[in-house]
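Novice: Below are the chains, spelled out letter by letter.
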Amino acid sequence: MTQLYENPNLASASSASSLVKIELLSEPWWRFFTFSTDHKVIGIQYLVTTFFFYLVGGALATAVRAELATPEADFLGFERYNGAFTVHATIMIFLWIVPALVGGFGNYLVPLMIGARDMAFPKLNAVAFWMIPPTGILLLVSLLTEAPAAGWTSYPPLSLISGKLGEELWILSILLGGTSSILAAVNFFVTILKMRMPGMKLEDMPLFCWAMLATSVLTLIATPVLAGALILLSFDLLAGTAFFNPTGGGDPVVYQHMFWFYSHPAVYIMILPVFGMISEILPVHARKPIFAYKAIAYSSLAICFLGLIVWAHHMFTSGTPDWMRVFFMIATMAIAVPTGIKVFSWLATLWGGKIRFTSAMLFGMGFVSMFVVGGLSGIILASVPLDIHVHDTYFVVAHLHYVLFGGSVFGIYAGLYHWFPKMTGRMLNEFWGRVHFVLTFVGFNICFLPMHKLGLMGMPRRVAQYDPQFADLNWISSVGAFILAISTLPFLFNAIYSWLAGPKAGDNPWEALSLEWTTTSPPPHQNFYGDPILLTGPYDYGTHSKETLDYFASQLKTLRELALMDTEAPHS
Amino acid sequence: MSALSNIILVGIGILLTVTSLWYGQNHHLLPASAANSAPLFDSLFNSTLTIATGIFLIVQGVLIYTAIRYRKRRGDWGDGDPNHGNVLLEIVWTAIPAVIILWLGLSSLDVYQAINGGVGMGGHTHSGMAASEMTMAMEEPDHGAADSGYAYTPVVVPGKEVGKPELVVQVQGMQYAWVFTYPESGLVAGELHLPLNKRVRLEMTALDVNHAFWVPQFRLKQDVIPGRETYLEFVPSQLGEYPIICAELCGPYHGVMAGQLFVETPEAFERWQQEQILATRPDDSTLALAPQSESAFARAQQQRLGIPADIHQALQQGSQFSG
Ligand code: HEM
Ligand SMILES: [Cu+2]
Ligand SMILES: [Cu+2]
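Top line first, the protein sequences correspond to chains A and D. For the first sequence, position 447 matches number 447 in my numbering, and the numbering has no gaps at all. For the second sequence, position 230 matches number 230 in my numbering, and the numbering has no gaps at all.
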């Protein structure tokens, strides 16, 4: 691109300036515990906090699978079992996947990728983050006092009679988390539309930014409806109103509509950012341009639109009128088309590459492989007559874990391995990364593949005790869950050790081309030294010679030093 | 492309098709079917699974192939081929899924109509409840009591009517039991007995929280909702005993809220009905299981109603666990 050569600073700089050696001040560790408004600090705050909750949610999942290892309810017991799976699901969705993706990766990456110094509203950003710890604390308190036990869907009338305290804590927690989401979404929406560096058009943006744009729109439209539903549910619970309570003339099905009006889009809030990250990660490690950039970008928007009009596919057995079932079936199936476009484009991106099997790439390819399984079971669920049999069975549990664990969590891990060097300035250990991948991949499939059959054969979900005919498959599944539990350990220790003492990463360890890799690792407070410069498109692999790229890198370095000298010795 | 690679490609294609077709028929993922409409479900499921298997194999195959064929070779730090799009390819992989989806959508519609015979499997709120006007406007006229005046107004596509139900059973779900009332004889029972090959209509409601009536062998499921009546219609086609499973979370003992369904010859069914009526006469079993306003835990329920013996048993089963 031409901008580099037009830069007046560079033109006047002599090569002598590269003798100036300036040490970067690394910022102190405790800033992560402050009300920082730096999007990078906030992003890492989100990631670390949510990973903590992931461990809590994972511990609960392990307890749930321990209960299900045998047919009798002999580990947690009936009451505690319902509390365990309710809090497990709530944590995984509202305190891990959504905030880790949107708050964590979104915050860290979007400004860097579009060449901005920060988010549009940095204070609002910090406020949104600091709502997450109380969200989690409320939920954990409920776990210790009287756990909510009506499932993460919390359908009335059950949610109205299974413990006021736990249910109300659950509602407050989600309301807080939802508010945080809305604030974050406003911020992303404005940042992406208004804060791009001069010269970067929407269609020059990395695909992750497109995904975040679509995600923000979904959040802004859908989350307020959830908040409305939960406030009404609160009234029913505490004030004895009858919005949803049939004994007073309320309609419990209306709650289901409101809940899914948010929660179906929510599944796209939990996957679109991952789609975006995968579209960044695959090209870098396959050394190929992303295949069909525009198709991937616009399919995110198509998914965003369709995702808003399919919610009742969760209610095919709720006494939903026929015309609605048919409408929602067709709309749901239509989503498979843009989703398919993405999957095939990723495959084509890999085709003809020179694939480097880094841990990030393993999880990235693992994502494609596992997500497809979830997509295919989704198609089965979308068909009304087929869903009538499998709705609310272990088949749905299998489906949602293939998309949320095999999809979102694999994607998050891919992202962590890929951007950890940028965030911390240090490399993760690749050997332990591979161990982590193999354990996760194997454990995951052992745990969740058998659930498809369990559901089809007749095992309903959300049960502590089940028919002994299902004992064998459940036992296998529990073994898989324990492997999964263990699989987190290599990652955890790898991350902690590498953050403290891993080898230095340098600016661009993966030889990637998007903008975040043109600055230091970690980037300085204002992200770029001087103005950010677009040297190449984000996906120009194979189009520039090694010499050109080296030349770009050295020029960047010179510019950086000039900028630093400017700030050191202002206008002598 | 050389002739050899063409041959290999065709070979892979055939293998893929054969494998998918075979798996679609031999998956052993479903229990034996026992209702008239279940084979329709099974054949739709099998064809969908065939296609899904094909797509699964293609995607995983391509992934494995690229992982091997396009792995980075030792010492090669260069970039891959800079190709970044191919309009024809993109059109193909947009169009093929679209066609598959169209097929699946249409066949699902077909099967759905055939299964419920154009009768809404849905339900409506009890008249007098807030939202009833709207829902009812879109559904068939109120069914009212168990008289023969059912009006079939298929919402989807008119003209696919089936026979009138020969037996109506009222189903009530409560924490943690099912109660079945046979309006013609006034019989109330804790097990569901049905005659073979007769069209049955279940009129269902819940006394406390949501439940769902599911018989895996029938491939049918319908939520049972307090304040609403929901329906299922089907024709049992195999003699035998089947589980009735509650498929909607209804409380801690949701997992043990199971009922029994017996499909019997019409004669055996009659005999059973007579026996039950004799056995329960002293209690006058036409008692009304009126919806309770508060959550009806099994034990409370049991005391409030003088319930005949076998319901007693069913309920006790439920309350055993809560005790
Ligand atoms: C091809 C794309 C997809 C289709 C056609 C699809 C379809 C469906 C349908 C119809 C259901 C309702 C099943 C039932 O309750 O009977 C469902 C459930 C679910 N799906 Fe998907 N889905 C797709 C992708 C996804 C993705 C990408 C996610 C999340 C990342 C997701 C997460 C879930 C969850 C969490 C549930 C269960 C909700 C619950 O009842 O607790 N799905 N899906
Ligand atoms: Cu959905
Ligand atoms: Cu239940």
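Since the hints were made in silico from the structure, they are not lab data. Incorrect hints may have been included.
Chain A residues, not near chain D, derived (Cβ > 12 Å throughout) [unchecked claim]: (1) F32; (2) A120; (3) L175; (4) V186; (5) P198; (6) D204; (7) Y293; (8) K294; (9) V326; (10) M365; (11) A382; (12) M427; (13) V442; (14) L492; (15) Q526.
35 Å max Cα-Cα, derived DSBU-like pairs, lysine-lysine [said to hold, decoys possible]: (16) K557/A <-> K72/D; (17) K72/D <-> K201/A; (18) K194/A <-> K294/A; (19) K72/D <-> K453/A; (20) K294/A <-> K72/D; (21) K354/A <-> K72/D; (22) K557/A <-> K201/A; (23) K72/D <-> K546/A; (24) K72/D <-> K504/A; (25) K557/A <-> K504/A.
Some but not every residue of chain D turned toward chain A, in silico, with C-beta under 8 Å [stated by the list, open to error]: (26) P82; (27) T94; (28) L104; (29) G105; (30) P183; (31) K198.
For glycine and all other residues, C-beta sits at the position ideal for the given N, C-alpha and C.
Novice: Next pair to validate is K72/D with K504/A; report whether the Cα-Cα distance is within 35 Å.
Specialist: holds, 24 Å
Novice: Holds or violated: is the Cβ of D204/A farther than 12 Å from all Cβ atoms of chain D?
Specialist: Per Cβ check, D204/A is outside 12 Å of chain D; nearest 14 Å; holds.
Novice: Beyond 12 Å on every Cβ pair: is that true for V326/A relative to chain D?
Specialist: Check fails; 6 Å does not lie beyond 12 Å.
Novice: Measuring from the C-beta of G105/D to each C-beta in chain A, is the shortest one below 8 Å?
Specialist: For G105/D, the interface hint holds, since the closest Cβ of chain A sits about 5 Å away, which is under 8 Å.
Novice: With a cut-off of 8 Å on the beta carbons, see whether P183/D makes it to chain A.
Specialist: violated, 21 Å
Novice: If we take the beta carbon of V186/A, is the closest beta carbon in chain D still more than 12 Å away?
Specialist: holds, 33 Å
Novice: Beyond 12 Å from chain D, beta-carbon-wise, is F32/A?
Specialist: Holds: least Cβ distance 35 Å, greater than 12 Å.
Novice: Starting from K194/A, check that the Cα of K294/A is at most 35 Å away, please.
Specialist: holds, 21 Å
Novice: Would the least Cβ to Cβ distance between A382/A and chain D come out above 12 Å?
Specialist: Non-interface label on A382/A violated, nearest chain D Cβ at 8 Å vs cutoff 12 Å.
Novice: Below or equal to 35 Å on CA atoms is what counts here, so check K354/A against K72/D.
Specialist: With Cα atoms ~4 Å apart, K354/A and K72/D stay inside 35 Å; holds.
Novice: Is it correct that the beta-carbon of L492/A has no partner in chain D closer than or equal to 12 Å?
Specialist: holds, 27 Å
Novice: Regarding the assertion that P198/A does not contact chain D, is the least Cβ-Cβ distance greater than 12 Å?
Specialist: Check passes; 25 Å lies beyond 12 Å.
The structure fails to meet hints 7, 8, 9, 10, 11, 19, 30, 31 from the earlier list, while all remaining hints are met.
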